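Visitor: Make the full structure from the sequences, and use the hints.
Those protein sequences? They're chains A and B, same order as listed. Residue 1 is where the first sequence starts when you use the UniProt record's numbering, and the numbers rise one by one after that. Residue 1 is where the second sequence starts when you use the UniProt record's numbering, and the numbers rise one by one after that.
Hints are computed from structural coordinates only; laboratory data are not their basis. Computed from a predicted structure; not experimentally measured. Do not take every clue at face value.
Examples of chain B residues lying across from chain A (beta carbon under 7 Å, computed) [unchecked claim]:
#1 Thr9
#2 Thr17
#3 Leu110
Chain B stretches covered by chain A per the calculated footprint, using a threshold of three residues with CB under 8 Å from any CB of chain A [stated by the list, open to error]:
#4 45–59
#5 74–86
#6 90–101
Derived contacts from chain A toward chain B, CB cut-off under 8 Å, selection only [claimed, not checked]:
#7 Met1
#8 Lys2
#9 Asp3
#10 Ala5
#11 Arg6
#12 Arg8
#13 Thr76
Positions of the beta carbon are idealized from the N, C-alpha and C atoms, including for glycine.
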Amino acid sequence: MKDLARLRTPVKESVELALNQQIQMEMVSSSKYLAMAGWCDRNGFDYSAGFFYKQSEEERGHAMKLFHYLCDQGATAISPEVPAVAQEFDTLRSVFEGALEQEIAVTDSINRIIAVCRRENDFATEELLRWYVKEQMEEEYIARRCLDLFDQIPADQIFELDKQLSKVTYDGNVFE
Amino acid sequence: MYTVSTRSTDWIEIFRTDKGVVYQCDATQRLILEFWDTYTALSARDFAQFRRMVETVDVRQMALSTDSAHDVEILTPPRSERCYVLTLCEIIHLRELLSGAQMMLELNSLLRECGCTLP
Chain A
1 MKDLARLRTP
11 VKESVELALN
21 QQIQMEMVSS
31 SKYLAMAGWC
41 DRNGFDYSAG
51 FFYKQSEEER
61 GHAMKLFHYL
71 CDQGATAISP
81 EVPAVAQEFD
91 TLRSVFEGAL
101 EQEIAVTDSI
111 NRIIAVCRRE
121 NDFATEELLR
131 WYVKEQMEEE
141 YIARRCLDLF
151 DQIPADQIFE
161 LDKQLSKVTY
171 DGNVFE
Chain B
1 MYTVSTRSTD
11 WIEIFRTDKG
21 VVYQCDATQR
31 LILEFWDTYT
41 ALSARDFAQF
51 RRMVETVDVR
61 QMALSTDSAH
71 DVEILTPPRS
81 ERCYVLTLCE
91 IIHLRELLSG
101 AQMMLELNSL
111 LRECGCTLP
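Guide: See the structure below:
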């Protein structure tokens, strides 16, 4: 008797479900960052706006990477529903706090999917997710470093702060 | 689309309940759903998709709503001309049948991974 499920795809259903949930999470992140970019833009924080526009594109790229992976593996990738996200924020600091919280949630989610892959002996998907582990380490570093700048630069120099926030990068990837 | 009207002797019975049967046809690589005295042949992907469609029907709303629109659910398996108009009880019966079949397919995968093969 043929194993029709395996002939269709090497990706087990539990992994497929988890990856589709991750696609949705990445797209929600993209939407949140776009809202943050819009808020920064209309409040005169041009550099931070640019930072969040770029972040929004990156998150969409993360979702598409998973989407293409599922399609290439013969599994079913689902275009996700994206619920409404907050459009207004109290302060520039609260925007960056929200960004860090979002990155932590994504990191936790990636870790949970890797646990599912290990349970299912899905080494190919785990290999793909290693890229996300490194990416999340970088994303969390940048979000955390941005929040540090709020403590290091006086509040009356808000436009200097805006400029410095957009310059934060991570160049010390310990995996490379 | 692959259509069938009668049962073939080549089909392997995967799972059976009082209300229906799911067969596997190795020659065409299709799963055949016998429900309501009809046969619907589905690829493994379409079968999984249809099972998800049945699983995501809001049976709680069907049970509690007094609106006649919620008395039945209309489901069309992917790439099929079949259209099921199902009551709450029929949804539950179909879920039981499809879930049971899915479990048997997973068991077959496990056996294959262990190096065992079913005839």
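Visitor: Next, verify each hint and record whether it holds.
Guide: Hints and how they fare:
Taken as an interface hint, B:Thr9 does not check out: its beta carbon lies about 15 Å from the nearest beta carbon of chain A, beyond 7 Å. Checking B:Thr17 against chain A by beta carbon gives a least distance of about 20 Å; that is not within 7 Å, so the hint is violated. Against a cut-off of 7 Å between C-beta atoms, the interface hint on B:Leu110 is violated, since the closest Cβ of chain A lies about 10 Å away. Using a Cβ-Cβ cut-off of 8 Å, 3 residues of the region 45–59 of chain B lie near chain A, which meets the minimum of three, so the contact claim holds.
By the rule of at least three residues with a Cβ nearer than 8 Å to a Cβ of chain A, the coverage given for the region 74–86 of chain B is violated, with 0 such residues. Proximity of the region 90–101 of chain B to chain A, defined as three or more residues with a beta carbon under 8 Å from a beta carbon of that chain, is not established by the 0 residues found. With a cut of 8 Å, the hint placing A:Met1 at the interface with chain B holds, because the nearest CB-to-CB distance is about 4 Å. Hint status for A:Lys2: holds, given a least beta-carbon distance of 5 Å to chain B, under 8 Å.
Because the smallest distance between the Cβ of A:Asp3 and any Cβ of chain B comes to about 5 Å, under 8 Å, the interface hint for this residue holds. For A:Ala5, the suggested interface contact is upheld, since its CB lies about 5 Å from the closest CB of chain B, less than 8 Å. Hint on A:Arg6 holds. Least Cβ distance to chain B is approximately 5 Å, under the 8 Å limit. Against a cut-off of 8 Å between C-beta atoms, the interface hint on A:Arg8 holds, since the closest Cβ of chain B lies about 4 Å away.
The restraint placing A:Thr76 at the interface with chain B holds, with a minimum CB-CB distance near 7 Å, inside the 8 Å limit.
Comparing the model with each numbered hint stated earlier shows that hints 1, 2, 3, 5 and 6 do not hold.
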